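Student: Read off the chains here:
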Amino acid sequence: MCLAVPGKIESIHGEEALTRMGRINFGGVIREASLAFVPEARQGDYVIVHVGCALSVIDEEEALQIFQYINAMRDDSVPGGP
Amino acid sequence: MIPSREGPDMKYLDEFRDVAMAQKLVRQIHHRASRTWTLMEMCGGQTHAIMKAGLDDLLSPCIRLVHGPGCPVCVTPMHVVDEALDLASRPGLIFASFGDMLRVPGSHGDLRGVKAAGGDVRVVYCPLEAVKMAIQNPSLEVVFFSIGFETTAPATALAVRQAQQAGIHNFSLLVSHVLVPPAIETLLADPDCTIQGFLAAGHVCAVMGCTEYVPIADRFRVPIVVTGFEPLDLLQGILMAVTQLEANHGQVEIQYSRVVRQDGNAAARSLMGSVFERISANWRGLGEIPASGLGLRAEFSAFDARKKFGLQKFADLDPVECISGLILRGLRKPVECPCFGASCTPEFPLGATMVSEEGACAAYYRYRTPSTSIPQPLP
Ligand code: SF4
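So the sequences go chain by chain: A and B.
When the letters of the first sequence are read in order and numbered with the numbering used here, they come out as residues 1 to 82.
When the letters of the second sequence are read in order and numbered with the numbering used here, they come out as residues 1 to 379.
Possibly wrong hints are sitting among the right ones.
To be verified - Each computed EDC-like pair below joins lysine to aspartate or glutamate, with the alpha-carbon atoms no more than 20 Å apart:
| no. | chain 1 | residue 1 | chain 2 | residue 2 |
| --- | --- | --- | --- | --- |
| 1 | B | 11 | A | 60 |
| 2 | B | 11 | A | 16 |
| 3 | B | 132 | A | 32 |
| 4 | B | 11 | A | 32 |
| 5 | B | 132 | B | 304 |
| 6 | B | 132 | A | 61 |
| 7 | B | 115 | B | 129 |
| 8 | B | 11 | A | 15 |
| 9 | B | 11 | A | 62 |
| 10 | B | 308 | B | 141 |
| 11 | B | 11 | A | 61 |
| 12 | B | 11 | A | 75 |
None of these hints come from the bench; they were simulated from the model.
Nothing here was measured: the structure is a model prediction, and the numbers come from that model.
One chain only, chain B, in its complex shape (with noise of 0.2 Å):
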């Protein structure tokens, strides 16, 4: 079905996914790639979309596809995971977090754990729950897990806003807020890096806009599409950056128009830096990155988790045999690591990328163990 105006209702999600159109733009990509073109698809949810579509395999051998670091669940750090755990152990708290980081193995057991041996550990799909939890719970600290990217921030500062206006002081933080632009320039600065071309996070340039890649595109002479999210979004994503590279331009484009304002969300931009300003950055897989995290402003200070229950600094050691900084750079595949299905499966994760979703580990775990190995067809 071709949707028109007149047609039925576009709902978005299914007219992206159309077979015929996909392998319409299967071809064309195949037709004007001259070479094979190494390209990143910067978001975890394009990576899990990618792999459960197989468009991997669809567009081997023009397109070598690798995933980049934009799940946040798979870049925080294993001594924020550590801080965390301390937190939700201690009585009279209550822990809320996304439940992605429930499984997220810190330097002695997860969340999960935490939460068996009878700590309040909660779930919330929106950080303003935690705000009525603690409005509901006054004689409990509520302490929500602050992670994301420039996508998750906003709702964060929304809640930190809407606490500071109800007057509660039973309500904190734990913050490992991350930005993408600093990373992709350090994937880019670095020798080793074989990426020719991103495909940048719908979503996160939602909110965000395009005018902070311009620069790191003229920088490295790379193709930077933001791209969407369903296989149509994907396919057309990547052949405008084919096309690109092909005319050897590295410019910033958008594919997810429907979505992205070119100077993004100015409502969610002004809150979110009313609460939040840049801060040096501990990734896990990329390391120490200067003014690519947000921290909270010393007028918001009262919300910060850190200094409310002075918590101390954990070291970050992370599991040897983990080879997820490699992947997150876009040096290796999952199925590359030895401990890949073996030793780390979803149920038992060594490393974070095998935990979340959209973690690159697990997207293959999922749709590219043995057993699925066959290319799936498109959704």
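For reference, chain A alone in the conformation it holds in the complex (with noise of 0.2 Å):
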């Protein structure tokens, strides 16, 4: 049940900060779920969703650190590999 998977916003409504909701695409799936814990985020950011909460706006920086790394990893175990 600690699932919580990323969406992207595709649209948001209400203004107040308790109430404030967003329809969230997961790869084509459309649910609600209430943006009041992340009043940054705008139509469009990709968000981590838990029990219909968003809890973080994804960072596309920090995202394609992981693959600059591994990319840039010297591959010791094999020879003459990258």
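From the two separate chains plus the hints, produce the assembled complex.
Tutor: What follows is the structure in structure tokens.
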């Protein structure tokens, strides 16, 4: 039940802090989620949603770092590896 | 496919399951580890992902992964399930719960049984749905079974605040929230502890940040790497922990930086703090841990189902044959339980670790019973 999944904010409705909601696209499936905890979230952002509440806006710069890290990694165990 | 800023949109799922990249990380871990290191992944979601991708087999023998108590369904004590059964059986009351809790055995049956016998038990995905139910059913009482870690508590706090704002009086909570850092401390203080490093639960830290872990890493000189849930996340987290262990470091590091900020989510933390306060809590398998749970603050006691319905205290009677207490402390593996797959299966679980998808016993049953014991390829 602790599952939390990334989804893209399609639209935002409600202005009041406690009741601000978003329509979130999870790979084609649209669900409503509370945006009460991500006041900075804008349409088009990806958020992590857990039990119907967005908990964090995903940072794209940071997300790309793991791929840069792996690509730059010397593959010591493979002779002549990159 | 390697995502780039110019490439197609990141979806934050498939990119983190790239097999070639995972294999490169696996080789790097084998290369870097000079001996066997024992790491605990804290969260049941991580356990599930590790088993599904077969990461434990790919990393053997240099990494021994033990599975932590980070599954809220698994650590909810039996006396709380008994309280739920009592409430759910009462007429004029809707008992709203996350689906996983319906199969957790109490001392005399489970919520599924209460529902079959006519109890109004309803599955909700989000605590806010329970508030809606209360608004739509003014003549009935609605009780929400409020379990979970720091990841879930903000959502329940929001439900309480929305109910307060709506001025409704037929909504209350059966609260059994627990907190991760006191559990890590308890595990490390155990003289039998074999854990040398932790993969902390990324989504808990998305809310709470990482500061609470710093004194624990210092005191026990143990690496704590805040890690995500996809294969590449888990492998990078393990590599970071191994790198620290090989250098004799014990620090807090964030692998899951696309989601976790150093100081967490201020809005969620402050709402949680306005509704809940820290209390001593009882964990299935770990026992009573001081300041490891959340209870409603006095000003919200009207939302406390225990007070509202004058619930009696139930004794804690864990089934004697179930060794989930040892499994939740990382001292045993599910397959070492004599009941595993015999008298205990996901359909008829003896202990809670066999109920939830994220429970260690259920994850082993699904991915490691004899018919599926061949290491699975990466997803
Ligand atoms: S297999 Fe069943 S009885 Fe054994 S520890 Fe797991 S939940 Fe308990």
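Student: Each hint: holds or not?
Tutor: Hint check:
A C-alpha spacing of about 10 Å is found between residue 11 of chain B and residue 60 of chain A, which places the hinted pair at or below 20 Å, so the restraint holds. For the suggested pair residue 11 of chain B and residue 16 of chain A, the alpha carbons sit about 29 Å apart, so the restraint of at most 20 Å is broken. Restraint check: the Cα-Cα separation between residue 132 of chain B and residue 32 of chain A comes to about 14 Å, which is no more than 20 Å; the hinted pair holds. Our distance criterion of 20 Å between C-alpha atoms is met by residue 11 of chain B and residue 32 of chain A, whose separation comes to about 18 Å.
With a CA separation close to 18 Å, the supplied pair residue 132 of chain B and residue 304 of chain B stays within the 20 Å bound. Between residue 132 of chain B and residue 61 of chain A the CA atoms are separated by roughly 38 Å; this puts the pair beyond 20 Å, and the hint is violated. For the given pair, residue 115 of chain B sits about 19 Å from residue 129 of chain B by alpha-carbon distance, which is consistent with the 20 Å threshold. With a CA separation close to 27 Å, the supplied pair residue 11 of chain B and residue 15 of chain A exceeds the 20 Å bound.
Using a Cα cut-off of 20 Å, the hinted pair residue 11 of chain B and residue 62 of chain A holds, with the two alpha carbons roughly 14 Å apart. Distance check on the hinted pair: residue 308 of chain B and residue 141 of chain B sit about 10 Å apart at the alpha-carbon level, within 20 Å; holds. Of the pairs offered as hints, the one joining residue 11 of chain B and residue 61 of chain A holds, with about 14 Å between alpha carbons and a cut-off of 20 Å not exceeded. For the suggested pair residue 11 of chain B and residue 75 of chain A, the alpha carbons sit about 27 Å apart, so the restraint of at most 20 Å is broken.
In summary, the numbered hints that this structure violates are 2, 6, 8 and 12.
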